[in-house]
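Chains D and B, in that order, give the protein sequences.
Counted from 1, the first sequence has number 74 at position 74 by the working numbering; the numbering is strictly sequential.
Counted from 1, the second sequence has number 591 at position 591 by the working numbering; the numbering is strictly sequential.
Please note: incorrect hints may appear among the correct ones.
As the list claims (entries may be wrong) - Have a look at the derived ranges for each label pair, beta carbon to beta carbon: (1) D:M82 with B:S63: 12 to 22 angstroms; (2) B:F640 with D:M82: 29 to 39 angstroms; (3) D:A12 with B:P643: 19 to 29 angstroms; (4) D:P87 with B:R199: 40 to 50 angstroms; (5) D:P87 with B:R679: 55 to 65 angstroms; (6) D:M82 with B:V693: 52 to 62 angstroms; (7) D:P87 with B:N716: 13 to 23 angstroms; (8) D:I7 with B:V693: 45 to 55 angstroms; (9) B:Y712 with D:T102: 21 to 31 angstroms; (10) B:M698 with D:M82: 38 to 48 angstroms; (11) B:M36 with D:M82: 28 to 38 angstroms; (12) B:Y712 with D:I7: 51 to 61 angstroms; (13) D:R66 with B:R679: 43 to 53 angstroms; (14) B:K438 with D:R66: 51 to 61 angstroms.
Unchecked claim - Simulated coverage check for chain B against chain D, where a stretch passes if three residues somewhere in it have a Cβ under 8 angstroms from a Cβ of chain D: (15) 730 to 742; (16) 746 to 757.
Claimed, not checked - Sample of chain D residues lacking proximity to chain B, with all beta carbon distances greater than 12 angstroms (derived): (17) I7; (18) T11; (19) L21; (20) F56; (21) A123.
Hints were generated in silico from the structure; no laboratory data involved.
Owing to the predicted nature of the structure, the values given are computational and were not obtained by experimental measurement.
For every residue, glycine included, the Cβ atom is placed at its ideal position computed from N, Cα and C.
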Amino acid sequence: MVKSGTIILNTAARFLMPLQLMFSVFLLLRGHDEPGGGFIAGLVAAGAFTLYLFAFGVSATKEVLRMLDPRDLIGVGLLLGMVSVVPAWFMGQPFLTAQWWTIPVIDFKASTPLIFDVGVYLAVLGSVMGMVMALMEVDKDEP
Amino acid sequence: MQLAVLMGFVLAASSPLLNRWFGHRASTVLALYPAMMAAWLISQAPSVLNDGPLLLEWQWVPSLGISLTFMLDGLSLLFGLLITVIGTCVLIYAGGYLKGHVDIARFHIALLAFMVSMLGLVLADGLLTLFVFWELTSITSYLLIGFNHTDIEARKSARQGLFVTVAGGLALMAGLVLLGVASGSWSLAEIGQMESDLREHALYTPMLICLLLGAFTKSAQFPFHFWLPNAMAAPTPVSAYLHSATMVKAGIYLLARLQPELGGTALWVGILSVVGATTMLTGAFLAIQHTNIKKLLAYSTIMALGTLTMLVGIGTDYAMTAFVTFLLGHSMYKGALFMVAGILDHETGTKDVTAMGGLRQQMPITAAIALIAALSLAGVPPLFGFIGKELMLEAVFGADGFRALLILFAFVSAILTIAVAAIIALRPFYGHRHETPKTPHEAPVSMLLGPGLLVVGSLSLGLFPAMLGGDALLTAAATAVSGQPLAVSLSLWHGINAALITSVVSLGLGFLLFKRWDSVRAKLSVLAPVMRHGPEAGYESLMNGVVRFSEWQTHLLQNGYMRNYILVMLLVLIALISNSILLRHSPQIAFVLDIRFHEIIVVGTMVMGALFATISRSRLGAVVSVGIMGFSIALIFILFSAPDLGITQLLVETLTVILLVLVLFRLPRFSSLSTSLERIRDGVVAAMMGVLVFLLIMTAWSIDQFETISAYMVENSAPLAHGRNIVNVILVDYRALDTLGEMFVLALAAIGVIAMLKLRHDNGGDSKANDGEKNSIKEPYDG
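Isolated chain D, as found in the complex (with noise of 0.2 angstroms):
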């Protein structure tokens, strides 16, 4: 069985949890210019959540998830998949033509592809998160 961790993890897990996690949004920003990218930044995120969730088991870490159940996720990040596709629809372009628009203030180069990375993101993230949870409440609900 899965026990909850000692003082020393839950410590540890409590302030590299969001640490993480600002490291993956970080990963996936970064990712198409340098190391990292969607499938990175989710297993990392899913690393993150996986810690906390050995620290604290299953239902506190339900708790840090508030509503966003892993299969939710799963869902968004196809959704996210499918809906980058439709702008190049649009502009009279071929099936997932990269778009690229520059948001002048802060230059940021939003475009398609970082759409379809976030739905990466977010499919990795709640197919790894889904699938340990699952796991482990199995363990919990063995008497």
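Mind docking chain B on chain D? Use the hints.
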């Protein structure tokens, strides 16, 4: 226009909302859609009739030559009008028939989706677009037949209809692809204008057979007719619409559409006229053995479908005229008769005509509608059905091939059809009053409106064929079917000729048959044992065979032991790779021994990890040593400067270890299950796999056949895709479609894992629930 048609799907999806807003009036509100489409078609009619086909272009997938272009010519106009006008009647009728039904929104969704698919089917210009809409009608038909999904018979019938039509759909797809290849065009309009003759193409025979299989299954031609009577499990509005007026005519539409390009050969004439005539006779003969009013009508529809196929097969100008006239007439009277059958069922609570009688008093309007529609079915003047039947008989007398056979079949069918018409029109409404499960009274206006409109159409088109441009519409349709200009001028009186004499004689004989129907039916029941060996029995045994085969191969391949799965997969892989690398090509090995010391250490660690994993007697130990292998691989990626791969490998490895550890808690104590012989076998398989993969990699590395594409990626990543990280650019831009597919695979895998774990936990230890589940899986095939 394409948008207007596709909007129908949106309307279908929003019908639950409309049902909430408009309550039981939702049907009438939804009926506005087909009514508007009908109005649009009528508004286009003058230009189509005068200036020829109308092309509405819309590219869909230009790189594959798939377009959503619509072609409106006489034939699609006729079909489009049938679909929209009868659709309007049926929707209004359904509002009364299914009033207060809990699932009426679901009914509306499927019915509207069907209507849109059918419209798309008859309007489509692209071969592949036609196929897509064709399959959509099969699927919506499945949903509608199985509308009463708690009824096992309805589910079984729905599945049967789906299997038969979709199997035909597969053949149709092959046929359409062959047609596209042979003609070099994917557009019906272009194929129609081509100089070269497809009949002389080498692919003509296979193409024709595939296309005919598709058309025959859809249009319930012998020997595929059996699904149609079973489809009567659907609510009556569905039977009236899909299984009489529209969907089953899709196959006929296809035949008519291709007649100018493919028709006229001995093969075409032979198959179509013989199969059509056989279907005609089979339908008429089986009809009089049934007392269920819907089955009676279903078999009589099969008879009509056979007639239409036969007429396309005969292919003379006369037959073309007869074809379009019969088609229009049949849709009108059969739609009305089905709706009358629905009214009878709704008001009396029984479908058995022998259990009804004397209803004329209670339901005078229904009786009048039934009488007119049945007279049209029987082909009695002055109704439109008479003109259709006269033309049909004249076409049969003028047929080039198989004339004697066709005349005989048509004559016998005519007698039987007249008996059927008399049964439907007279049996429920005249004679003694029978006690019925419900006390009958006249149907509500909404249910009388649709059939009423259709019989008024039969009557007025019969009396004044030229009225409302009926002649012009049929002229355009017949022209489209025959491929050359035809003038259709209909009239009731054709003079005294063979067709008229046949008509009169068959009328008398048919009425005689009706008088003796009860005793004839009793005599025919002797044939029941023979009937049980019909095509449906063949279908059943085929399906049972499929189930038995899949059970056998599931036991063989899916026996639930992970070790077997892996063994089978590896053996297949070994067979494939060794076939390719050892037998067909020779392995190339060009050794360059340029190995650094740190590389040896990393690889050595991997080898040690692998070895320890195989001999370890502790699961945790094995997991850790596999993990060591994974981390070493990550190290290799980093050594060869692939940071993205390295990071990914590290993270995946970490999560794999976590997942494995979670699973390990649930496993029983470690024990050695395999014998030493099995272990030797596994060792040999593993070694073979290792050696082969080594050879494969060395060969791939040694031969330099193609220029690598990495240079292109490196050069264009920043300027074209605005990214410096090539790996990521490939993932989200160059190969985004692959990534999208992988996302779906990942999501499916995760959902599978979650579902299995949750299901297990919900049913845990509850053997009863498990049994129930097993039965519900098996039931569809046994039931």
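Hint-by-hint comparison with the structure:
Separated by about 20 angstroms at the C-beta atoms, M82 of chain D and S63 of chain B satisfy the suggested range of 12 to 22 angstroms. The hinted window of 29 to 39 angstroms between F640 of chain B and M82 of chain D holds, with their beta carbons roughly 35 angstroms apart. At roughly 26 angstroms, the beta-carbon separation of A12 of chain D and P643 of chain B lies within the given 19 to 29 angstroms, and the hint holds. One distance hint, 40 to 50 angstroms for the beta-carbon pair P87 of chain D and R199 of chain B, holds here, with the actual separation near 48 angstroms.
Checked against the hint of 55 to 65 angstroms, the pair P87 of chain D and R679 of chain B passes, with Cβ atoms roughly 57 angstroms apart. A hinted range of 52 to 62 angstroms for the beta carbons of M82 of chain D and V693 of chain B is inconsistent with their spacing of about 36 angstroms. About 21 angstroms separates the C-beta atoms of P87 of chain D and N716 of chain B, a value consistent with the hinted range of 13 to 23 angstroms. For I7 of chain D and V693 of chain B, the Cβ-Cβ distance of about 47 angstroms falls inside the hinted range of 45 to 55 angstroms, so the restraint holds.
The hinted range of 21 to 31 angstroms is satisfied by Y712 of chain B and T102 of chain D, whose Cβ atoms lie roughly 26 angstroms apart. M698 of chain B and M82 of chain D have their C-beta atoms about 41 angstroms apart, which keeps the hinted 38 to 48 angstroms range intact. Distance hint check for M36 of chain B and M82 of chain D: the Cβ-Cβ separation is about 31 angstroms, which falls inside the suggested range of 28 to 38 angstroms. Checked against the hint of 51 to 61 angstroms, the C-beta distance between Y712 of chain B and I7 of chain D comes to roughly 55 angstroms, which is consistent with it.
A hinted range of 43 to 53 angstroms holds for the C-beta pair R66 of chain D and R679 of chain B, which are about 50 angstroms apart. Remark: the range hint 51 to 61 angstroms for K438 of chain B to R66 of chain D is upheld by a beta-carbon distance near 55 angstroms. Restraint check on the region 730 to 742 of chain B versus chain D: 7 residues with Cβ-Cβ distances below 8 angstroms, three needed, restraint holds. Remark: the region 746 to 757 of chain B is confirmed as covered by chain D, as 8 of its residues place a Cβ nearer than 8 angstroms to a Cβ of that chain, reaching the required three.
Its beta-carbon lying about 21 angstroms from the closest one in chain B, I7 of chain D satisfies the requirement of being farther than 12 angstroms from that chain. With a least CB separation of 20 angstroms from chain B, T11 of chain D remains clear of the 12 angstroms interface cut-off, as annotated. With 12 angstroms as the threshold on Cβ separation, the claim that L21 of chain D sits away from chain B holds: the shortest Cβ distance comes to roughly 14 angstroms. Once the 12 angstroms rule is applied to beta carbons, F56 of chain D is consistent with being away from chain B; the minimum gap is 16 angstroms.
A cut-off of 12 angstroms between C-beta atoms contradicts the statement that A123 of chain D is not in contact with chain B; the least separation is 5 angstroms.
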